[in-house]
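Engineer: Which chain is which? The protein sequence lines are A and B, in order. Here our numbering is used: the first residue of the first sequence is 1, the next is one more, and so on. Here our numbering is used: the first residue of the second sequence is 612, the next is one more, and so on.
Quick caveat, the hints were computed from the structure, so don't treat them as lab data. No false leads were mixed into what you were given.
Short derived list, chain B residues pointing at chain A, Cβ under 7 Å:
1) 755
2) 771
3) 852
4) 862
Positions of the beta carbon are idealized from the N, C-alpha and C atoms, including for glycine.
Protein chains: 2
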Amino acid sequence: MTDTIEKPATAGLSPQARVDAWLADFEAALASRDVERAVAKFAVDSFWRDLVSFTWNIKTLEGREGIADMLTERAVATDAAGFRTRETPTDDGGGVVSAWIEFETAVGRGVGHLRLRSDAGADTAWTLLTALQELKDHEEPKGASRVMGAVHGSDPDTRSWAEKREDEEKALGYSTQPYTLVVGGGQGGIALGARLRQLGVPAIVVDRHERPGDQWRKRYKSLCLHDPVWYDHLPYLPFPPNWPVFAPKDKIGDWLEFYTRVMEVPYWSKTTCLSASFDEAEQRWTVEVDRDGERVTLRPTQLVLATGMSGKPSVPTFPGQDVFAGDQHHSSRHPGPDAYVGKRAVVVGSNNSAHDICKALVENGVDVTMVQRSSTHIVKSDSLMDLGLGDLYSERAVNSGMTTEKADLTFASLPYRIMHEFQIPIYDAIRERDKDFYERLAAAGFELDWGEDNSGLFMKYLRRGSGYYIDVGASDLIADGSIKLAHGQVDHLTEDSVVLADGTALPADVVVYATGYGSMNGWAADLIGQDVADKVGKVWGLGSDTLKDPGPWEGEQRNMWKPTRQDNLWFHGGNLHQSRHYSLYLALQLKARYEGIPTPVYGLAEVHHLS
Amino acid sequence: MTDTIEKPATAGLSPQARVDAWLADFEAALASRDVERAVAKFAVDSFWRDLVSFTWNIKTLEGREGIADMLTERAVATDAAGFRTRETPTDDGGGVVSAWIEFETAVGRGVGHLRLRSDAGADTAWTLLTALQELKDHEEPKGASRVMGAVHGSDPDTRSWAEKREDEEKALGYSTQPYTLVVGGGQGGIALGARLRQLGVPAIVVDRHERPGDQWRKRYKSLCLHDPVWYDHLPYLPFPPNWPVFAPKDKIGDWLEFYTRVMEVPYWSKTTCLSASFDEAEQRWTVEVDRDGERVTLRPTQLVLATGMSGKPSVPTFPGQDVFAGDQHHSSRHPGPDAYVGKRAVVVGSNNSAHDICKALVENGVDVTMVQRSSTHIVKSDSLMDLGLGDLYSERAVNSGMTTEKADLTFASLPYRIMHEFQIPIYDAIRERDKDFYERLAAAGFELDWGEDNSGLFMKYLRRGSGYYIDVGASDLIADGSIKLAHGQVDHLTEDSVVLADGTALPADVVVYATGYGSMNGWAADLIGQDVADKVGKVWGLGSDTLKDPGPWEGEQRNMWKPTRQDNLWFHGGNLHQSRHYSLYLALQLKARYEGIPTPVYGLAEVHHLS
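Build out the structure end to end from the sequences listed, making use of the hints.
Structural biologist: What follows is the structure in structure tokens.
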């Protein structure tokens, strides 16, 4: 024995050699079902995030105890092997080596990401991401395995592609039943529909609008995507290089319509779901829908609610709403400024929609007052693009070899528990960069915040899906007084004004309630019943114990893209990035069940909040 | 002096060093306007193919004399410089080094391809391709320079994107005139329309069908693309990885329709051109169109005929056509088999359409006889894919890093004069590979050929655009007698049969004339007048002095994508590959003229044939 400090075992080794050694030892531990040895490969403060490859769940295991528990339950059945790097690992500085990996399980193939740290001379995993990508014997027909299209040689089925499609569409929902019914045909439903189609899972996407894309087209006319194009690609078919950075709503509507057709997504327009109930004995749903006036009963095994991650509009109730003589509507129903030129508008709320609507109103000659009821996080679009997204989603990222798949997985590899630590410095930099801007805004009386822990926009989005505006110009209109500002809660309405708690009366010809949305399980309450809504509980949020995201800590977004407490009921949605990326994992979960592959769920989340 | 054989100057030099030295010396010669020195850089049997970068033409210069002539006229004005490699040159064996290059001219930026050979110890160019890619100060907004979409800050124009589009569409063709009118909205017109839109050239694409894609949808129902997906991408938006290898006609129709929308191509459906005349004084066209019943006069400066490279249907005249009691129609109007089940069909012709139609008829229970009037070149689709296209257009090519752009330029870099030399060995290999197949076909009496010089399908396509079938199954039906075969010319029709020159009577309830198409200048004759059709002469073909492609040698495809003998009249079309690639060069020529950039045309082709 000696007390000489030994050189770390990793000294002098290349990142490749360090990762190879770790993977080999980890795989050997798994192969021998030696959970203790496998767990010892992880740091004490480690995170293993699994996207349905080990857990048939979306789950972050925190620390050795969490990992040990999962492996004890799942190591044998998962039978993971073949761990290897996909490309040369890199030294990220600070003693961290990171690697893209791939592996196989008993039923599928996965990719992942590993960050190693040298602790006391030995490499341990700080973060591990494992993500199922495909099921064996159920690979998607694409690339070299794409369908032929033309049938070479003599085809016993003489119908053309169009005839087969037509026959299939006539039968689906009538003489044949979809395995999965997706309620809601916005970007989420469409992306999932495309993946299910690719995977050969019979599905129907139903939507109340006349055609795909109307979810965007029908909104206020100035609406554009607030996320840049690199962040917004749908599966399989990226936007072309001439696509705008921020697509206008009608253009994205056209794209969604085009995409639905090209991907052959079975899509029922003008269809409203009336009710749904789950038959425990048969383990399938009975869903009554109104299809353009026709009553149809569908019997899907799986039901996916993709009706918007923001859930149902929260329309506030105020005394005097019945006597107010002008127009009043929730922001989701705001028609745009054209009818209000020369009139007075009061917009209640100060988040994204409120800002967008105020900007369009004031630019069209409407007298506008925004009622700020609580502080708001503001970040300028270009700063968010440069500092928040630029490394992963930008032309710069593309030019440096970053693919959308890699960017999504990189993002997914950061554990939610510590994500704010990565976010805070970004917003510190933004605060500094746009100091003048924030000072002008504050001087105009606008109440700013940066999230409870100063972690900024993305954490607010993940925790509560609200509380911010990505500035594309409205803030300057507030700073210069073009958009007037009022503060406080609304007390009541009169025939022609909105009266605040402090007695301020705001004259109004139109009142817009930009008051946000409730939890997505509100849709389940309407469609299935309050009992099921309560059984699955709140949707969205991490349990961060911050405003509108009560604890306890959940580690993943509640109920999104993963099994819920209601058998065969799923929630899908989010922004375009999430719709793209998580639709894969939801589709794989549905495909596995469709094919009868056992999918024992590890660590189904507890329900702590009803909404 | 010594007669010791010296080591070649290139010995021991890397391909990069050899190419760098050649480019530097070539550039120096151009810079000093020393044509003789520049020409000496080329081999005696060299080819320089220029796509509008030096010549404002599509032109292959053959040998030192041809190159000297062009440079004498064009070197000063082109002012080419900045020649450099785009990636590391490769040794192709046989003493040939090849390199991807880029360069600039006075007005634009180009890319190219160079093949060097060591002749008597010095590197000389064997082939050089120079291809304009963009005009300076008129670069396309894409990638990092794409449009923002949302207008950040306050926008003085309060119209939404959809409103601006609508206003533009209302004005275009009425209060504002298109600079370019594209007649024909199939893949060619649409691809060109997309490029012109990107380049900001005001244009309208007019088409007689109800909606884009109907050019495909309205054809016989079994029609699929005979070229594989990797060969078929349109500009900007490649097909997704789940696109079929051979897209069925209705699916490609849907793609074209939505591509048109997504690319914001100004497209007038249900529009027929009635007449066109060129005003020499004003240097613009007057075009009368019928737009869904409305008569509109358009005044474009440039007129592009993109009505199909195959030109107008050639419908033969036979005695007795007036007494024949059944259906008779050209293949372009054939509705498919459904109406003819249990009946007897005679299909006159033995090329692609004839085979496709016969196959669909016989598979649907129709008694079918194909009348072979002359020998036909047959190549199996998978052999063509593997041996003919595989290196450039296949999943294998994609996986080895081949991009569509590079594949197109590689193809373009092979001079037409010697292209058959590269093609003959491919077809020798196919003949060997599919020996049994050809023997069976010959045994059934089918008359086969391989082109006059055994150079196969692609040369037939380039020379005459006919004379072949890419086999996707019909040949087996001929070999096994399911499709009956007759030989010879049609003499006349009776009330219920087709009678051949040898007296054979073929009973028929329907006769399909799969008799091909005339030259594209037939469209010009109809629309503008026979004088203009004669002035521009035959369209398509190389002047190879083979059947249906009379000499003299032209070196490029007649009248395609380049200036013609009629000012401001252009022909555009071809398969999807050509529509994609050559639409760039046509669009750049139109853009340059639109912007008033001088475009002196070098080597405008002579007219040798009227049709």
